[in-house]
Amino acid sequence: MRLILALFLSLALWPAATPAAPQGGDIVVTKQDIMRLLAQIPEIAPVREDMRRLGFRGENLELAVAQNRAFYTDPVIAGFIAEQVMMAYASPGQPGQAQGLIWPLIDRGLGHLPMRKLKYYYEVEETMIDALPVAQCGRIIRNDLSAEAHSDTMSRMAARLNPPALKEYYEIQLTAARLGAQRGPVRLSRSQFDRVRAGLDREMDVLVAGTPRPAEIIDAMRDLRHADNRRACVIGRLMYDAVMRLEGQTLRDALIFMSSP
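Quick note on numbering: the sequence shown equals residues -20 to -1, 1 to 241 in mature numbering (1 follows the signal peptide of the UniProt record, and there is no 0).
The reader is advised that the hints may include incorrect statements.
Ranges of calculated distance between the beta carbons of each label pair, as one might list FRET restraints [stated by the list, open to error]:
1. M66 with A46: 41 to 51 Å
2. G59 with I198: 30 to 40 Å
3. A178 with L204: 14 to 24 Å
4. A127 with Q229: 40 to 50 Å
5. Y69 with I24: 28 to 38 Å
6. V186 with P113: 46 to 56 Å
7. T10 with A46: 23 to 33 Å
With a cut-off of at most 25 Å between alpha-carbon atoms, the simulated SDA-like pairs for lysine to any residue come out as follows [claimed, not checked]:
8. K11 with Q47
9. K97 with I109
10. K97 with P165
11. K99 with Q20
12. K147 with R232
13. K97 with F173
14. K97 with S131
15. K147 with M224
16. K147 with K11
17. K147 with D181
18. K147 with Q20
19. K97 with K11
20. K147 with R217
21. K99 with L187
22. K97 with A25
23. K11 with P165
24. K99 with K11
25. K11 with E29
Bear in mind the hints are in silico, worked out from the structure with no lab data behind them.
All residues carry an ideal CB built from backbone N, CA and C; glycine is no exception.
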């Protein structure tokens, strides 16, 4: 989020750095101009310091810095971001994207990944959710954090992964972002959605019954938005477990549903 803000700040100062303007004095900012500026962001933003603040050290720190650079220098991803920035710059009165620009690309692209990579991605996500403190876990499951707070929270968990796991997780993210820049999200048909729902209902019934107070969990599931952090966290972790207990095409469809923007 801070990098996007830096980009818009740079655009605000663009006239001082733009060598030419058409007759009439209007400054023309091209897609290529913005892509060049995006490529400079990893150099001018305190990326390494931010990653250290989130707990990255050693090889993981180098992986995190390289991942950040890749997002803003990859021509497919940077080209898409540049187009979005130009749209926002051309219509300053229109509401911006509060969810940022990179994460929607990842979400859109995940459903296009091969099954092994898609499953691995969510296995890592499940590991991080399981490692979260209950208060943060509950807020994430209720979708009660800002985009930046959510990203920082999950990044702190990613910093604890071993380097090979983090490297593969980042490679999948980057591939998904490229796919998301080129394709729309995968949508489930009604029959696929119904099959996923039936499978999840079946698995959740079994998992909830195995908790110490199943009646409390069932009540909280009826109004998750107002569940306390402990119950919301339990529900979220059970849901990840339920998804991973599915098999075959139903599992793939469930993972695609989880990645829906």
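Taking 25 Å as the top limit, are the C-alpha atoms of K147 and Q20 close enough? With Cα atoms ~23 Å apart, K147 and Q20 stay inside 25 Å; holds.
Cβ separation of A178 and L204, checked against the hinted range 14 to 24 Å: About 20 Å separates the Cβ atoms of A178 and L204, which means 14 to 24 Å holds.
Range hint compliance [Cβ, V186 to P113, 46 to 56 Å]: 27 Å, violated
Is the hinted pair K147 and R232 satisfied, with a Cα-Cα distance of at most 25 Å? Holds: K147 and R232 sit about 23 Å apart, inside 25 Å.
Tell me if the beta carbons of G59 and I198 are separated by a distance inside 30 to 40 Å. 48 Å, violated
Holds or violated: K11 and Q47, Cα atoms, limit 25 Å. 22 Å, holds
Tell me if the beta carbons of M66 and A46 are separated by a distance inside 41 to 51 Å. 27 Å, violated
Range first: 40 to 50 Å. Now tell me if the beta carbons of A127 and Q229 are that far apart. 32 Å, violated
Please verify whether K97 and F173 have alpha carbons no more than 25 Å apart. 21 Å, holds
Compare the distance between the alpha carbons of K97 and I109 with 25 Å, and conclude whether the hinted pair is satisfied. 18 Å, holds
Would the pair K97 and P165 pass a check requiring their Cα atoms to be no farther apart than 25 Å? 16 Å, holds
Is the distance from the Cβ of T10 to the Cβ of A46 consistent with 23 to 33 Å? 28 Å, holds
Consistency with the previously given hints fails for numbers 1, 2, 4, 5, 6, 11, 16, 17, 19, 22, 24 and 25, ordered from lowest to highest.
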